[in-house]
Amino acid sequence: MAASIKHELFFPHPPAAVWEYLTNAELMELWLMKSDFQPVLGHEFQFRIGPKPALDFDGIVYCKVLEIVPFKKLSYSWKLGPGDGTLNVDSVVRWELQPKDNGTELILDHGNFVILENMGMFNAMTEGWLSNMRKMAARLNDITHGTTNA
Amino acid sequence: MAQPTLDAFQVIADPSRRQMLMLLSKESRTINNLADNFDMSRPAVSKHIKILYGAGFISIQDIGRERHCTLKQDGFNALHEWLKYFDQFWTAKLKNLENLLNNKLPN
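As they're listed, the protein sequences go chains A and B. Letter by letter, the first sequence follows residues 1 to 150 in our numbering. Letter by letter, the second sequence follows residues 151 to 257 in our numbering.
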């Protein structure tokens, strides 16, 4: 299973109309969630979604605009953690808009998952795991020792 | 004694259990052999083993009088929990967007 989430949707509206809904915080709130998003490269913002204790997630998503090409492309980092100041998931959300048949093909790609901290193991798992177990063991050892020495 | 059901993330959050998984990643070991690597009581080791077993991280086989622990892949499918979680998240959100755009905006 590829560590990426992909969705493709067609809208019978021009890219500019769809773009508005991806980049205007008031419109985003109508379908996505409340945020302090601004369509500015490097802008940092947060989304608040439901906490998920089972996944050690406090419900706050930390984002930063990584790429913005009006009416065509938008991407932001998507990081989250348990709420103690550490992060355990780092990923990237990419939106792409393509004009098609008098409408817009909207492509969402949520990928580049890096599972940090004690989730390092799981990250290794996605790429064929037994061979990675040894590398991972070394890495975890480093982490363990780092903590002990702190 | 009943063990609380922990998900894979809770299971792996414990340093001793991570250490056990690392030891088992090199080779299968008996519970006694595993316990020798830890400065904790035998019941405490057993408790961790039960949790690892319960979450599908290891399998246990009785050979003679010894119980052998072997690493299993099932427990590691938890990364997929994140992907599943966000996949469901986006599916629901994009449905909202679709309804919003296609019902409210004139073509």
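Any given hint could be a false lead.
Said to hold, decoys possible - Derived EDC-like pairs: lysine to aspartate or glutamate, alpha-carbon spacing no greater than 16 Å straight-line:
#, chain 1, residue 1, chain 2, residue 2
1, B, LYS234, A, ASP109
2, A, LYS6, B, ASP212
3, A, LYS6, A, GLU96
4, B, LYS200, B, ASP212
5, B, LYS243, A, GLU29
6, B, LYS243, A, ASP58
7, B, LYS243, A, ASP109
8, B, LYS245, A, GLU8
9, A, LYS52, B, GLU231
10, A, LYS52, B, ASP212
11, B, LYS245, A, GLU105
12, A, LYS72, A, GLU8
13, A, LYS79, A, ASP58
14, B, LYS245, A, GLU29
Claimed, not checked - Quick partial rundown of chain B residues pointing at chain A, CB under 10 Å, derived from the structure:
#, residue
15, GLN160
16, SER209
17, ASP237
18, LYS245
It should be emphasised that the hints constitute simulated quantities derived from the structure, not laboratory data. Virtual Cβ for every residue (Gly too), placed ideally from N, Cα, C.
Now for the hints, and whether the structure bears them out:
no.: 1; hint: B:LYS234 x A:ASP109; result: holds (14 Å)
no.: 2; hint: A:LYS6 x B:ASP212; result: violated (44 Å)
no.: 3; hint: A:LYS6 x A:GLU96; result: holds (11 Å)
no.: 4; hint: B:LYS200 x B:ASP212; result: holds (14 Å)
no.: 5; hint: B:LYS243 x A:GLU29; result: holds (10 Å)
no.: 6; hint: B:LYS243 x A:ASP58; result: violated (19 Å)
no.: 7; hint: B:LYS243 x A:ASP109; result: holds (14 Å)
no.: 8; hint: B:LYS245 x A:GLU8; result: holds (11 Å)
no.: 9; hint: A:LYS52 x B:GLU231; result: holds (11 Å)
no.: 10; hint: A:LYS52 x B:ASP212; result: violated (37 Å)
no.: 11; hint: B:LYS245 x A:GLU105; result: holds (15 Å)
no.: 12; hint: A:LYS72 x A:GLU8; result: holds (14 Å)
no.: 13; hint: A:LYS79 x A:ASP58; result: holds (11 Å)
no.: 14; hint: B:LYS245 x A:GLU29; result: holds (14 Å)
no.: 15; hint: GLN160; result: holds (8 Å)
no.: 16; hint: SER209; result: violated (15 Å)
no.: 17; hint: ASP237; result: holds (5 Å)
no.: 18; hint: LYS245; result: holds (9 Å)
In the structure shown, a violation is registered for the earlier hints numbered 2, 6, 10 and 16, in ascending order.
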